[in-house]
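Protein chains in written order, with my numbering: chain A, 1 to 341; chain B, 1001 to 1265.
Worth flagging that the hints you see were computed from the coordinates, not collected in a lab.
Just so you know, not all the hints are guaranteed correct.
Each computed EDC-like pair below joins lysine to aspartate or glutamate, with the alpha-carbon atoms no more than 20 Å apart [claimed, not checked]:
hint : chain 1 : residue 1 : chain 2 : residue 2
1    : B       : Lys1124   : B       : Asp1067
2    : A       : Lys239    : B       : Asp1067
3    : B       : Lys1025   : B       : Asp1188
4    : A       : Lys238    : B       : Asp1067
5    : A       : Lys6      : B       : Glu1129
6    : B       : Lys1203   : B       : Glu1238
7    : B       : Lys1026   : B       : Asp1013
8    : A       : Lys8      : A       : Glu40
9    : A       : Lys8      : B       : Asp1114
10   : B       : Lys1025   : B       : Asp1064
11   : B       : Lys1215   : B       : Asp1013
12   : A       : Lys8      : B       : Glu1110
13   : A       : Lys6      : B       : Glu1238
14   : B       : Lys1124   : B       : Asp1188
15   : A       : Lys60     : A       : Glu41
16   : A       : Lys239    : B       : Glu1223
17   : A       : Lys8      : B       : Glu1119
18   : A       : Lys239    : B       : Asp1105
19   : B       : Lys1253   : B       : Glu1224
20   : A       : Lys6      : B       : Glu1119
21   : B       : Lys1025   : B       : Asp1006
22   : A       : Lys8      : B       : Glu1066
23   : B       : Lys1215   : B       : Asp1021
24   : A       : Lys6      : B       : Asp1006
25   : A       : Lys238    : B       : Glu1129
26   : B       : Lys1025   : B       : Glu1186
27   : A       : Lys238    : B       : Glu1066
28   : B       : Lys1070   : A       : Asp227
29   : B       : Lys1203   : B       : Glu1028
30   : B       : Lys1070   : A       : Glu52
31   : A       : Lys8      : B       : Glu1113
Spelled out from the first residue to the last, the chains are:
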Amino acid sequence: MESVAKRKRRVTMVFATLFIILFLFMVLDLAQAFIPLTFEEAFWALLGKGTETHEIIVWKMNLPRVTMACLVGSGLGIAGATMQALFRNPMASPYILGLSSGASLGAAVALTFPITILPQMLMIPLLAFLSCMATLFLVYNISHVGGRVPTETLLLAGIAVGALLSALVSLLTYMAGEQMAGIVYWTMGNLTNAKWDNIMVVGPLIFAGCMIMISSSRDLNAMMLGDAHAQDLGVEVKKVRLQLLVASALVTAAAVAFVGVIGFVGLVVPHILRILLGPNNRVLLPASIVGGATFVLMCDFISRVIAPKIGILPIGIVTALIGAPYFIYLLRRRRSEVGWD
Amino acid sequence: MLTVEDICFSYHDKPVLKNVDLQVKKGEIIGILGPNGCGKTTLLKLLNRNLHPDSGRVLMMGTDLEDISKRRIARHIAVVPQSNEIRFAFSVRDIVSMGRMPFLDRFQGESSEDTHIVEEAMEKTNIMEFADRLINTMSGGERQRVIIARALAQRPGIILLDEPTLHLDINHQFEVLDLVNRLSKEEDLTVVIVSHDLPMVVKFCDRIVLIHNNKVFAMGTPEEVLTTENMRAVFNIEAVLEYDETLRSNSVKILGSCRTVRERS
């Protein structure tokens, strides 16, 4: 009995730690400006007790970006965790499987061509979602071999499809003419232009996706044992899988729509958390929300600390600089050590 | 408990089961026996609607399975599947707790009653001592017991076991089946075992359904079903079912395949 209590304590500890780090980086990131505020200045400004200038920096200039960072990070984190469980494969994530490229193709189309059926602000996430769904089904069907999704075919399918989609995005960029700089900047992952009206679109979508995933976390646990196990435990496997694939595409598309491709969040975050918390999705999915937000905020902070010298560094570069070596390390390491295989 | 009415099933136009009728009575251990590829695992999958019959129906306590949700079926029927290889580092307790899934709503946490049922299931199967071990580090026999515990945590009326002895060492085979036997007597559980393991089925089953060429070949008590003629026809072996004084139960004495016995004499 003792170790049940111990495990509960461990979960509480991990969540508490995550929230503390999240809060610290939130304030640090809110403090960023041409002349950065100190931690205390930003803290008091956030509480509405700072000077007017400080409050403008924190509330008007930085809060949209920080909010967007949290949203995008939490979405990518939980989408990664969900896809890893769904594919029964620790290497699955929105970026590795080409979903982010898929979403960015849709968004790039909406950015390049003036389609006026809907306002562009809604058109971007809509097209991003549609092309993200298409990518997901394509990659899933290519990599699905006899009821299993082997790492090799999964990665190869993701890379191949991702390469094709990236090429298409490049083609669009080339054709975009004067808008080119904006699109290039956007494909590198960029939080700088986050606006409240974008957040109003992204927020509900990511929230809805997260709710679908968390509400299926018990089903996901059973599905990790195998489809037959899950069916025997009363899970309508096909239905749940489809719901979760759609939710993953929705969240990825919403995350990519306005800030571009921020890679490796969905790979690194659930992975580290799984080492700390085990594979139980009832705990892992909520933890990936908080962890994803923390990771993206941290990377944004890093990009801004380095940035003053070289202009504003797109955050996608920072997450890739951290995430890609971690990915290589995962490939090298025997999977048994991390609780898979 | 379970009634199978005139079921036909085929994979890609290839018939697997033809006109199968079957009655499973409360509290009995019934063995579905037959050579490999005769359709017995398919029959088991039809019994909890993992597959849908082409024609005919399966009734659980009078209700057609097609009319109820998987979740409701799982509240009455638990399955111990053939392959139980699990690659993820779930703890034994995590796995057994999954048996409560059919009773919990999406956002609902486990109540103290659920915890109690889970622990009771672990005690009955003697796995309490490794409740916190990780499933992917355990042997096949231990895993089998964990999955049986998970099935018990469903508080089912019926347990379906698919080739429960297939991947087990001989001592674990008996351990697992003694356990199932004891539970069926203590809890008045209905047990359906699918197997091609003749001696095991004879030792543990009250009734046997012999499947051959996609049909029910014979059905009844072991004495009625496992006649020398039937075993020759279905398994192509020369064998006799006889009472064994040492075992104090029936046992099958297998002389050899029909051909080897013929050649020898």
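Comparing the hints with the structure gives:
no.: 1; hint: B:Lys1124 / B:Asp1067; result: 33 Å, violated
no.: 2; hint: A:Lys239 / B:Asp1067; result: 17 Å, holds
no.: 3; hint: B:Lys1025 / B:Asp1188; result: 11 Å, holds
no.: 4; hint: A:Lys238 / B:Asp1067; result: 18 Å, holds
no.: 5; hint: A:Lys6 / B:Glu1129; result: 16 Å, holds
no.: 6; hint: B:Lys1203 / B:Glu1238; result: 19 Å, holds
no.: 7; hint: B:Lys1026 / B:Asp1013; result: 34 Å, violated
no.: 8; hint: A:Lys8 / A:Glu40; result: 34 Å, violated
no.: 9; hint: A:Lys8 / B:Asp1114; result: 17 Å, holds
no.: 10; hint: B:Lys1025 / B:Asp1064; result: 17 Å, holds
no.: 11; hint: B:Lys1215 / B:Asp1013; result: 16 Å, holds
no.: 12; hint: A:Lys8 / B:Glu1110; result: 14 Å, holds
no.: 13; hint: A:Lys6 / B:Glu1238; result: 59 Å, violated
no.: 14; hint: B:Lys1124 / B:Asp1188; result: 14 Å, holds
no.: 15; hint: A:Lys60 / A:Glu41; result: 15 Å, holds
no.: 16; hint: A:Lys239 / B:Glu1223; result: 46 Å, violated
no.: 17; hint: A:Lys8 / B:Glu1119; result: 17 Å, holds
no.: 18; hint: A:Lys239 / B:Asp1105; result: 17 Å, holds
no.: 19; hint: B:Lys1253 / B:Glu1224; result: 16 Å, holds
no.: 20; hint: A:Lys6 / B:Glu1119; result: 17 Å, holds
no.: 21; hint: B:Lys1025 / B:Asp1006; result: 17 Å, holds
no.: 22; hint: A:Lys8 / B:Glu1066; result: 40 Å, violated
no.: 23; hint: B:Lys1215 / B:Asp1021; result: 9 Å, holds
no.: 24; hint: A:Lys6 / B:Asp1006; result: 54 Å, violated
no.: 25; hint: A:Lys238 / B:Glu1129; result: 36 Å, violated
no.: 26; hint: B:Lys1025 / B:Glu1186; result: 16 Å, holds
no.: 27; hint: A:Lys238 / B:Glu1066; result: 16 Å, holds
no.: 28; hint: B:Lys1070 / A:Asp227; result: 13 Å, holds
no.: 29; hint: B:Lys1203 / B:Glu1028; result: 14 Å, holds
no.: 30; hint: B:Lys1070 / A:Glu52; result: 60 Å, violated
no.: 31; hint: A:Lys8 / B:Glu1113; result: 18 Å, holds
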